[in-house]
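For the protein sequence lines, the chains are A and B, in the order given. Using numbering that gives the first Met the number 0, you'd call the opening residue of the first sequence number 0 and step up by one each time. Using numbering that gives the first Met the number 0, you'd call the opening residue of the second sequence number 0 and step up by one each time.
Possibly wrong hints are sitting among the right ones.
Away from chain B, derived, C-beta distances all over 12 Å, residues of chain A [as the list claims (entries may be wrong)]:
hint : residue
1    : Asp65
2    : Arg117
3    : Pro211
Output of the computed footprint for chain B on chain A, the stretches with three or more beta carbons under 8 Å from beta carbons of chain B [what the hints assert, rightly or not]:
hint : segment
4    : 46-56
5    : 67-80
6    : 118-130
7    : 185-198
8    : 271-282
None of these hints come from the bench; they were simulated from the model. As the structure is a prediction and not an experimental result, all values here were calculated from the model. Even glycine gets a Cβ: it sits at the ideal position worked out from N, Cα and C.
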Amino acid sequence: MATSTLKASQPITEGINFQKFMVRGTIYGLLVLVGLVFLLPIYMTTVTALKPRAETTLNTAWDLPDGLYLENFERAYDQLKNNLGNSVVEVIMATTISAVMGSINGYVLSKWHVPGERFLFPLMLFGMFLPYQAILIPLFEFMSSINIFGYRLYGGIPGLVLIHVVYGLPITTLIFRNFYIEIPDEMLEAAAIDGAGFWSLYTEVVFPLSLPGFVVVIIWQFTQIWNDFLFAIFMTTEANNPITVPLAELSGGEAVDYNLTMAGAILAALPPLFVYIVAGRYFIRGLLAGSIKG
Amino acid sequence: MRSPRDRLTAFIMLLPSLILLAIFVYGFIFQTIRTSMTDWGENLGNAALALNGERNYVGLDNYHDLMTDPLEFEFRTAMVNTFFFTILFVAGCVFIGMILALLLDMRVMGEGFFRTIFLLPMSLSLVVTGTIWRWLYQPEGLNILPQRVLGLEPYKFNWMNSRKLLLPFDWGDIPMYVTYVGIFVLAILAFNYVIKKRWGALGWAVSIAGVLLILYVAGIWENTIWPNVGIESPDGTLIPIPETKGFQVALTGIIIAAIWQMAGYVMAMFLAGIRGIPEELREAARVDGCSEIGVYWRIVLPQLKPVALSAIIVLGHISLKIFDLVFAMAGRENFQTIVPGIQVYSAFTNNRFANASAIAVIMLGLVSLVIVPYLWSQLRGASE
Numbered sequence: 000m001a002t003s004t005l006k007a008s009q010p011i012t013e014g015i016n017f018q019k020f021m022v023r024g025t026i027y028g029l030l031v032l033v034g035l036v037f038l039l040p041i042y043m044t045t046v047t048a049l050k051p052r053a054e055t056t057l058n059t060a061w062d063l064p065d066g067l068y069l070e071n072f073e074r075a076y077d078q079l080k081n082n083l084g085n086s087v088v089e090v091i092m093a094t095t096i097s098a099v100m101g102s103i104n105g106y107v108l109s110k111w112h113v114p115g116e117r118f119l120f121p122l123m124l125f126g127m128f129l130p131y132q133a134i135l136i137p138l139f140e141f142m143s144s145i146n147i148f149g150y151r152l153y154g155g156i157p158g159l160v161l162i163h164v165v166y167g168l169p170i171t172t173l174i175f176r177n178f179y180i181e182i183p184d185e186m187l188e189a190a191a192i193d194g195a196g197f198w199s200l201y202t203e204v205v206f207p208l209s210l211p212g213f214v215v216v217i218i219w220q221f222t223q224i225w226n227d228f229l230f231a232i233f234m235t236t237e238a239n240n241p242i243t244v245p246l247a248e249l250s251g252g253e254a255v256d257y258n259l260t261m262a263g264a265i266l267a268a269l270p271p272l273f274v275y276i277v278a279g280r281y282f283i284r285g286l287l288a289g290s291i292k293g
Numbered sequence: 000m001r002s003p004r005d006r007l008t009a010f011i012m013l014l015p016s017l018i019l020l021a022i023f024v025y026g027f028i029f030q031t032i033r034t035s036m037t038d039w040g041e042n043l044g045n046a047a048l049a050l051n052g053e054r055n056y057v058g059l060d061n062y063h064d065l066m067t068d069p070l071e072f073e074f075r076t077a078m079v080n081t082f083f084f085t086i087l088f089v090a091g092c093v094f095i096g097m098i099l100a101l102l103l104d105m106r107v108m109g110e111g112f113f114r115t116i117f118l119l120p121m122s123l124s125l126v127v128t129g130t131i132w133r134w135l136y137q138p139e140g141l142n143i144l145p146q147r148v149l150g151l152e153p154y155k156f157n158w159m160n161s162r163k164l165l166l167p168f169d170w171g172d173i174p175m176y177v178t179y180v181g182i183f184v185l186a187i188l189a190f191n192y193v194i195k196k197r198w199g200a201l202g203w204a205v206s207i208a209g210v211l212l213i214l215y216v217a218g219i220w221e222n223t224i225w226p227n228v229g230i231e232s233p234d235g236t237l238i239p240i241p242e243t244k245g246f247q248v249a250l251t252g253i254i255i256a257a258i259w260q261m262a263g264y265v266m267a268m269f270l271a272g273i274r275g276i277p278e279e280l281r282e283a284a285r286v287d288g289c290s291e292i293g294v295y296w297r298i299v300l301p302q303l304k305p306v307a308l309s310a311i312i313v314l315g316h317i318s319l320k321i322f323d324l325v326f327a328m329a330g331r332e333n334f335q336t337i338v339p340g341i342q343v344y345s346a347f348t349n350n351r352f353a354n355a356s357a358i359a360v361i362m363l364g365l366v367s368l369v370i371v372p373y374l375w376s377q378l379r380g381a382s383e
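So that you can see chain B by itself, here it is in the shape it has in the complex (with noise of 0.2 Å):
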């Protein structure tokens, strides 16, 4: 019925999208990845923007650079600090989405009115957001705001500037707390097994505990993987220096104002997962006795899992990029609240690309390895 010749031309329709795709994304990706293979910006005998400059293939020095030179501790520090903007974000976002679209649920007048105000800061740029907080933090805003409307003391608190550092820990002993965070996960995975006497799944969790353990105690993570920061001293030994890092209280402004922007998608999302659990389910479970919490309980929050998924995925995702929030709210030079979208700007105005490339790869990486399953899984459940 449909002529080979119209198969081709749908092809052709297609190719120039496929074309652009390709280019811009996988061959620019290819290109970073071979830029940050290179010493383009760090050789200094040689202009980064010299029109016949050489551009050296130096392996993976400006990754071992970023993980070891003292002077590259900005870039550690981003890292950690994309540690806890992520939890903290995410953690915020759904709870804060998950009670509103709870609370919509129950038939309330006005739901649109309301539906409208959590997501409004969803459709502003988060430039002007960033903007708006900025003005907030001064000391006219919220700061001030206690006084105002109860007279009490005005609060005192340095937002994006304040130097506090919390759970203050070693840069270095990174390896041994994910160590530990993945023998604790795994112990739990294998109790779980051992429960449900699924011996095979159980035979996994203790060698992957094995494997870990082994390369824990060989020394392998702290050597190759997880090498140490600190400077080589004349004969040619690594002295180390410790670095301390920690929760930044000046990310919290920027974390809460994040919040505020993207909990109402959680709420959309989670409102449009309720609106699609049948109601003969949840009729099911009252007519036997199930009350009205318990039916929010065994029956509603178990079918929003999957909904809950998608929207961790896609925050997690987002806070991993975060670039125009931060930089709209404390700009580029505020040490605190570094993270790796701002240090690729910096890296890049400064005509260090070789550095720029290697952070920003190591940002796919960490995307990869969230988006890649994630888009697996979606598509592979929808062709089925």
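Just chain A, with the same shape it has in the complex (with noise of 0.2 Å):
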């Protein structure tokens, strides 16, 4: 609402503040609300983590638990650990990796012309919107084929990395274009002037201005790499297994016990929600990089 062209152009009368009032307790009354059932789930997740199974009947599992219960994070933790190691591995790796080279590929794109990059880039996109079923058997024989002194690329967190950097390549080159189209091209001819090349011109240059471009990548690999499901079920064996996997299973089977299930969905959703929490601002220009407006 304009509220300063309201005060400034119409006499304030009684009934308009009525009104007014009115309408800003709708809005708010409706946020609250939406808030509140957005919430829900959160609130019930969290609460049945902190019980004990008993506290869990039909008559309580909605209220608050009695008293600080954490036997069931400690039993989701120690069946996870190894898996959440897995994750903080795989993470670490692919992510590094597929930002330097989204880096690199969207410097190229934006400040050098490459011969055929009006098919080339768009070619490129089309694999951030591509079903993974569509490439998952081959890519399954050509992991299982690949063996680097009797170790075999599938199954394990290596194979598993170069999934996540090949697949993230689209989204980090297309948001370091986009990035470093803003950086005028005087500068980077005051530097060429000077004798500068094509990696001093990226070192000197567009690497030191690069920084929040890399919070965006970074923040954006991290949160899809940890919360892939679909390569981490396909991909990997058991002992190799991220997160999501053991998490997806323990809610699957008969007799699910919910109190651990729930204390395990806490611990895989922790990391992506701090930095969503710390850094929402470039988590949000991640996600609406998505979809595209080169």
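Now that you have both chains on their own, put them together as the hints suggest.
Now the structure itself:
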């Protein structure tokens, strides 16, 4: 509502004040109501995780816990700690590599003209909308056939890192390209006159300005890779499963222990949630970048 | 100023990514299409994982089986499920996301706080979301909430295990419905063009309608593009088997969870779009005597059309690919909530590689139908 214009142009009468009060009240009422609905699942998850099974009956499941009860978390952590470790290693490696490659690709595509880039760029971008089911079987065959010093690429963390790097390239390239386009060409030309080449232009001009771009890309890749389930379940053996696979299994059986499962869900959700709360602004930028607008 | 050597370096630096994507995206897609035309995993005399197993070329047989084999009814259920899932999920996200964005645009206190809440589910894994909502749909969860809060009777609904079917129709009748819808849309288009006196476009509409009508009357659709489901009798004729499909009510719970996760995305898109509208535009409308609601109706919403289209396409393609959420909420054996993504997984783990590939190629085709024109228009618009 344009409060300032209303004040300036209209005489303030009681009628208008009352109407305005009602409108504002409805707006806040709706926001609070929807907010509560959105938080309902989070509330239920948290209280369930903090209660023993005996306190999770039909009549008490929605109640707050009686006291602090952390056994579910201890059990969940014991069961999932290897998978959490796998996820951490996988995410750090894949995020770093795909961010660096994306930065260089973005630099090339925005500041250097590559023959055929009008076709190459859209062809690259299609990779981020691809339904991965359409490449899974050849990917599986490929990963199984690669054998380096007796180490099979299929099933382990390095293989999964490779997959996430490759299928992360379109989005990281896109974000960096759009980011670098904002750097004025004159800055690069000035440095080029001083004799700077491809690499020194990157290290001296482009890279020092890249921090926000890296933050967006790293946050985006971190959450995407951490949350991935499709590649995780198809491409890793049990010992190398990232966190999402055992979590899905925990809730999948008969007679599920939901107290344990909710504690596990919270453990799996905490890292991306933490990143989102701390750096939400950058998370949203990554989110919006996915809808292109080159 | 920039030496040819530097240009070469630039190209060489891009090359690894190009090669990786060429192999991992296009090479593998090609390979999947090829696999979908073999009998790999379908030939009983030839074990799927045998080292020297033969893979024979069978043309489009796998696709034909998906459309006609009574045993492949799950695929057809998955297609119908995807259709309803996509429509309800996209509509729900756009509706809720748009309302949230408009509310947050009203200069509310604590806008950042509300925005954080509405976007929070977006940061979660679909597996986490699925796990949480699976618990909410247990008897201790949402069903009992009306009783706990308002003292009402507990809600009795079986969520993911419900066997209720709404809007039942026969699978074989789909071409008929599609034709009706097509003719209806064309009629509206034609009507519009007559009003606006754009006769050239009308000609196109009428000729497309004519071609469709001929296809329908000649039975080409029913015999070739959409063959009947049935079994072959000993004398070689097809005995058609009717197959009732419809909206599986069991999907409702999954759709609600998906909307909970994604509505914030639409809100963020719309908020960014609204903030991009110059304030002068709204001011000008107010000066011309437009009411505050009128400003939204006449200025803000029309400007948001491209944003809405982007959101619909991104959400639509997500729902065509949906896998994690259904897996975590309903498992892979829950017949009522089967989707193609789950089917590919099941076929893959059963070593039915050709069957899995055929379904995957159909998924790819559906996604491409949505994404390729979108990518095209986005990038063409950007370079102009």
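Evaluation of the provided hints:
No Cβ of chain B comes within 12 Å of the Cβ of A:Asp65; the nearest lies about 17 Å off, and the non-interface call holds. Distance to chain B contradicts A:Arg117 as a non-interface residue, since its nearest Cβ pair spans about 7 Å, not more than 12 Å. No beta-carbon of chain B is positioned within 12 Å of the beta-carbon of A:Pro211; the least distance is around 17 Å. With a cut-off of 8 Å between beta carbons, the segment 46-56 of chain A has 3 residues touching chain B; three or more are needed, and the interface restraint holds.
Coverage of the segment 67-80 of chain A by chain B is violated. Counting CB-CB distances below 8 Å, 0 residues qualify, and the rule asks for three or more. Residue count for the segment 118-130 of chain A with a Cβ under 8 Å from a Cβ of chain B: 11. That meets the three needed, and the coverage hint holds. Coverage of the segment 185-198 of chain A by chain B holds [criterion: at least 3 residues with CB-CB distance below 8 Å; count 6]. Counting residues of the segment 271-282 of chain A whose CB lies closer than 8 Å to any CB of chain B gives 7, which reaches the minimum of 3, so the coverage claim holds.
When held up to the earlier numbered hints, the structure conflicts with 2 and 5 and fits the remainder.
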